[in-house]
Amino acid sequence: MLMQLSYNWLLVLLSFAVSVLGSFTALQVAVAIPLATNQHQKTAAVAMAGGAMGVGAMWTMHFMAMLACDTGMQVTYAPSLIALSALVAFAAGAAGLMLVANDRFSWLKLLGAGACIGLGMGGMHYLGIEAMMMPAVVRYDTELVAVSLVIPTIGSMIALWLAFNLRGRWQMTASALVMGLALCGMHYTGMAAAGFYDNDGQLPDGYADGLRSANLGLTIFAIVTTLLLLLLVLYYWRQRYRSSLSI
Amino acid sequence: MVELEIQVLSDRREGLLVELGRVVVANSFSLIRQRLTHDSRGAWLSMIVRGPAEQRLALEEMLGTHSRVLSFEAGLFGEAAVIAAIPAKMAAGISPLPELVPEPEPPAAPLVAVMPDVAHVEHILPKLAQDYPQIYPWLVALENSVDDAVRESSLMLAGRRTGAWVYKRDYALGAKLGLADAIKRIAVPALRALADIEHHHVHIHILNSPLCAPGVRSGCKFYGGYLEGLLGASIEPKKVFVRHLSCRSTGAAHCSLEISH
Chain A
1 MLMQLSYNWL LVLLSFAVSV LGSFTALQVA VAIPLATNQH QKTAAVAMAG GAMGVGAMWT
61 MHFMAMLACD TGMQVTYAPS LIALSALVAF AAGAAGLMLV ANDRFSWLKL LGAGACIGLG
121 MGGMHYLGIE AMMMPAVVRY DTELVAVSLV IPTIGSMIAL WLAFNLRGRW QMTASALVMG
181 LALCGMHYTG MAAAGFYDND GQLPDGYADG LRSANLGLTI FAIVTTLLLL LLVLYYWRQR
241 YRSSLSI
Chain B
1 MVELEIQVLS DRREGLLVEL GRVVVANSFS LIRQRLTHDS RGAWLSMIVR GPAEQRLALE
61 EMLGTHSRVL SFEAGLFGEA AVIAAIPAKM AAGISPLPEL VPEPEPPAAP LVAVMPDVAH
121 VEHILPKLAQ DYPQIYPWLV ALENSVDDAV RESSLMLAGR RTGAWVYKRD YALGAKLGLA
181 DAIKRIAVPA LRALADIEHH HVHIHILNSP LCAPGVRSGC KFYGGYLEGL LGASIEPKKV
241 FVRHLSCRST GAAHCSLEIS H
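Protein sequence lines correspond, in order, to chains A and B. Using my numbering, count along the first sequence one by one with no gaps and you end on 247. Using my numbering, count along the second sequence one by one with no gaps and you end on 261.
The shape of chain A in the complex, shown without the other chains (with noise of 0.2 Å):
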């Protein structure tokens, strides 16, 4: 039997503002990659940069809009696979960055770091899915799954375009705003291209070791503190720049 998902829409709205404190906080550095003087820098600017899009505005998106849905069933997470969805999402995020920001910008760069952050969005999706432990199984809908996969690599080629070629305040906020827009969008195109089916109550194996809820709000929590306090010490570098710049 399909069960029905509900939302709670305050969590549905944090975590839109999550993905878009994440994408703004990345963008935010991956714009200064091109200005790396030498490898140690570029590299340092490109893991921040992928660590605060695909562990910021990806994966604490995700795993926030699952807190927000109430499937009706009791669910843990497995470690193992949430671990490597994390890890999918900062690769992604780190490759597609470093891709467009990577000397002279470029169409081709651009379609290719679109389709990193979207393919790796859409990775970093299914494989929380996979990850969740309940009494039920998943199914999904391939025609919805592959509209999951576009929106965010449109979305995202859209994002880095506003990022690299505007300047001024819609430079970020823009760009921020469309690269949230864009991985929620996927986000709940995947969840409605996924059904959840009762399983007459048979719980997986490791269902009792796994992750639950309130785990994933304290490790959310952590994330977010984190990429607030990035921002401010990016805010103040950048002063501190601005200011010792010699005319």
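Misleading hints may appear alongside valid ones.
[Unchecked claim] As a list, the in silico DSBU-like pairs of lysine-lysine whose alpha-carbon atoms are at most 30 Å apart: (1) B:K176 with A:K42; (2) B:K168 with B:K239; (3) A:K109 with B:K238; (4) A:K109 with B:K239; (5) B:K176 with B:K239; (6) A:K42 with B:K184; (7) A:K109 with B:K168; (8) A:K42 with B:K239.
[What the hints assert, rightly or not] Calculated from the model, a selection of chain A residues having no Cβ within reach of chain B, i.e. all distances over 12 Å: (9) Q39; (10) V100; (11) D205; (12) G206.
Simulated from the structure, these hints should not be mistaken for lab results. Please read all numbers here as calculations on a predicted model, not as lab measurements. From the three backbone atoms N, C-alpha and C, an ideal C-beta is built for every residue, glycine too.
Position chain B relative to chain A; hints supplied.
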């Protein structure tokens, strides 16, 4: 094959050797040795280069018109004196470098006069940074403090340095842009902080510049330098050139500049 001794003066040393080295290599010359020094007038780059004799004029032409080059001299290596070759934008030459030239001729007044007054410009630059974008009083002070003959080149140098600084401060984050996009997204908003302007493709009209009031002879040079400094780093490796089409100081309705690369 010929060996040339080349001396170049630029307003700043950052990236000078790399940029001019590219020009040397592009003309099939190789760099044998070089020296980069700095004094009150700017950065001096001395180079000994070797290459085909038939490329000599092309090399000298490219160096002489290079946007980083304020003045330039070249001659066969080992000659008693280096022949001065002056970029088109400069009205006359400069005195040769003492390090490489045995005994320079006493510089004639008009030759020295076309050099920007680097000392005055350097003195005013921190004040421009401090009060930006309310910088007109300082620019007018600069205008009045330098000789008539160096006014335009000094304002141009001040403009270049200010433009490059504003770019690094406010517009450096992001990708390099094409000329049209760089004008629209960088030059226009940056220039709007300083003056009322109109923008039509590669043309910018400055409507009310206090630097170009009738009878004042700055000739919009500050804005030209400002745009070159602002856009130069944004669309590199191409060079940006600003042509002055008209100026209020000569009776035109507004000051008009054309940007190209």
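A quick look at each hint next to the structure:
Taking the CA atoms of B:K176 and A:K42, the gap is about 17 Å. The hint holds against a cut of 30 Å. For the hint pairing B:K168 with B:K239, the CA-to-CA distance comes to about 17 Å; that is within 30 Å, so the pair holds. Taken as a hint, the A:K109 and B:K238 pair is honoured in the structure, with Cα atoms around 21 Å apart against an allowance of 30 Å. Under the criterion of a C-alpha separation no larger than 30 Å, the hint pairing A:K109 with B:K239 is consistent with the structure, at around 25 Å.
Of the supplied pair hints, the one linking B:K176 and B:K239 holds, its CA atoms being roughly 13 Å apart against a limit of 30 Å. A threshold of 30 Å between alpha carbons decides the hint, and for A:K42 with B:K184 the separation of about 29 Å falls inside it, so the pair holds. With a C-alpha separation of about 25 Å, the suggested pair A:K109 and B:K168 falls inside the 30 Å cut-off, and the hint holds. Distance restraint check for A:K42 and B:K239: the Cα-Cα separation of roughly 26 Å lies within the 30 Å cut-off, and the hinted pair is therefore satisfied.
With a closest Cβ-Cβ approach of about 18 Å to chain B, A:Q39 is found to remain outside the 12 Å limit, as its non-interface label requires. Not every CB of chain B is more than 12 Å from the CB of A:V100 (nearest about 8 Å), against its label as outside the interface. Every CB of chain B is more than 12 Å from the CB of A:D205 (nearest about 50 Å), matching its label as outside the interface. At roughly 46 Å, the least C-beta separation between A:G206 and chain B is larger than 12 Å, which holds for a residue marked as non-interface.
Checked against the numbered hints listed earlier, the structure breaks hint 10 alone; every other hint is satisfied.
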